[in-house]
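Protein chains in written order, with UniProt numbering: chain A, 1 to 327; chain B, 1 to 260.
Bear in mind the hints are in silico, worked out from the structure with no lab data behind them. Bear in mind that the values here come from a model prediction, so they are computed numbers and not experimental data. Ideal Cβ placement from N, Cα and C applies to all residues, glycine included. Some hints could be false.
Unchecked claim - One-sided excerpt, in silico: chain A residues whose CB lies under 8 Å from chain B:
1) Gly196
2) Gln197
3) Ala200
4) Ser202
5) Ala203
6) Gly205
7) Leu206
8) Pro207
9) Lys208
10) Ile215
11) Pro218
12) Gln219
13) Arg296
14) Gly297
Claimed, not checked - List of simulated lysine-lysine pairs, DSS-like, C-alpha gap at most 25 Å:
15) B:Lys62 x A:Lys208
16) B:Lys258 x B:Lys246
17) A:Lys208 x B:Lys85
18) B:Lys200 x B:Lys149
19) B:Lys85 x B:Lys62
20) B:Lys149 x A:Lys214
21) B:Lys127 x A:Lys208
22) B:Lys127 x A:Lys214
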Amino acid sequence: MSQPPGAAVSVTEAPPSSDTPSKQLAAQRVLPLRRPGRWIATAIVLVLAAQFVHGLVSNPFYQWDRFGYWFLRPTILDGLLITLEVTAYSAVLGLLGGILLALARLSRSPVLRAVSWTYVWALRSIPLIVVLLFLYNFSALYQTLSVGVPFGPAFFTFDESRLATDMVVAVVGLSLNEAAYAAEVVRGGILSVDQGQHEAASALGLPKSYQFRKIVWPQALRSITPNYVNQLIGLIKSTSLVFYVSLLDLFGTAQTMGSTYPGDIVPLLLVVTVWYLILTSVVSVIQFYVERYYARGATRTLPPTPLQKLRTGLTDLRARIRREAAV
Amino acid sequence: MTAETTQNAAAVEVHDVHKWYGTHRVLNGVDLTVRPGEVTVILGPSGSGKSTLLRVINHLEKPEIGHVSVNGELIGVRRQGDRLKELSERIILTQRSRIGFVFQNFNLFPHLTVLDNVAAAPVATGKLGRAEAQELARELLDRVGLGDKSAAYPRQLSGGQQQRVAIARALALRPGVILFDEPTSALDPELVGEVLAVIKDLARSGTTLVIVTHEIGFAREIADRVVFIDGGRIVEQGPPAEVLDKPRHERTRDFLSKVL
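So here's chain A without its partners, still in its complex pose (with noise of 0.2 Å):
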């Protein structure tokens, strides 16, 4: 960090001796160059998020009463949990799955390889909404979902329109199409672990499951992680498709309220926008701890929580200001 401003005092007080100027001169702290630039830009964009914070304040148009009275109705604040539900299963399936085809793409079994190839470029080409619309229509193509022997007799059966309530098609569908992501964000973080990881834990004879758990995806997850995340994020705002296969999550309670109370729709917007800005911040906060975690051993020290930079933040102004007292 900088030098205590006090240093440039002392080195003047310093007694004038037979010191040659060059050493007076190595002995000074350097001046920072001025930059005028950089403070015209920065009054030029504080002016303009003023007027901008000023307009979504005044303006009569936003509505912010309405806003403050569905923010927290109990029908929003049901689809939220819609939202959370689908999510929260979609999150889960859609990694285990991933991690299943990422498996198969780095397997040895060519058969293996090209399913997951398959299943991944169809998935990501195919619109998440075709996917959901396709299953929604689902039970209408198949009536019946037998587990039995393949081509042969069936074991149980299952009524498609009973099993496939608008809750499992939503999940069902997100979590396809999610896998088909999280399957390259998971073969890249598995990639990026070092062969001489791999060498290092079959010269010792760790046994392969051992080896990819205790191994491999630790490391791997500090490059999966951010990826992930992303992933999830993407994932959350995904969910207001559900709305199509007639599940009321968020989105899709603030489009039938809206229809209901046509006044409403912008203040409704609102209250959904700034509930998805929480979902993402709470993530975003959980992203930052969980890649702490697993950044241990990778750096040699630890990137401060905010409470920690907080602290010393603190402790740097307390010193500062007792130093300026002091000369």
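Put chain B on the given structure of chain A with help from the hints.
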């Protein structure tokens, strides 16, 4: 098990091993016998196949022709009639746990503490309980002079310290043989000494060692036998006084004149 143990077995026996990648021939019929307790140093120009030979011994590389046995047990294959059949990965992993391997780039597990790096393998292979493994790991870290670093992570250590942890990690499985693949090549010159001192200590304790290195002075000091390899073949081998000081082959002389 499929071990074919014989009395007075050689610690390592490499029999007519050939290895190639596509059309590139790396090993061309290597025969090598290492007696128990012997320290063998393998020298050779880069690309001569010396690292590959070491990796064939613990089956990190599969030989195309020929076979290897360690303490009388065939590695990676079993004999069926007069044919050799590949063993399952699980059995090969068990065999490897009896052969120590130290890498040029240490390859410590960066997400585990130094203590866990050393204690992991005995626990994972079911040889020791967690507490016993940690106790053993502490002993071994003391032995390589890093008793005070057990809570550190590998990247917080210098290269020389990391390599000493890697040696302790290899020792934790109490292997019959330890293979060193250029253990000091990735180190700053000033850190080489501390690693060589640990290896010397092992040599004196009677552990069987096979070391690929470029440190000729070190070879002269600790080797019972020096093996010079070039073009995937053993050119000559014998006590250091013979191979290093009175080489019989032109290629050995040529190589030594360049590195000494």
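Here is how each hint holds up against the structure:
no.	hint	in the structure
1	Gly196	holds (4 Å)
2	Gln197	holds (6 Å)
3	Ala200	holds (4 Å)
4	Ser202	holds (7 Å)
5	Ala203	holds (4 Å)
6	Gly205	holds (3 Å)
7	Leu206	holds (5 Å)
8	Pro207	holds (6 Å)
9	Lys208	holds (7 Å)
10	Ile215	holds (6 Å)
11	Pro218	holds (5 Å)
12	Gln219	holds (6 Å)
13	Arg296	holds (6 Å)
14	Gly297	holds (4 Å)
15	B:Lys62 x A:Lys208	holds (18 Å)
16	B:Lys258 x B:Lys246	holds (15 Å)
17	A:Lys208 x B:Lys85	holds (21 Å)
18	B:Lys200 x B:Lys149	holds (22 Å)
19	B:Lys85 x B:Lys62	holds (12 Å)
20	B:Lys149 x A:Lys214	holds (22 Å)
21	B:Lys127 x A:Lys208	holds (16 Å)
22	B:Lys127 x A:Lys214	holds (17 Å)
Consistency note: the structure conflicts with none of the earlier hints.
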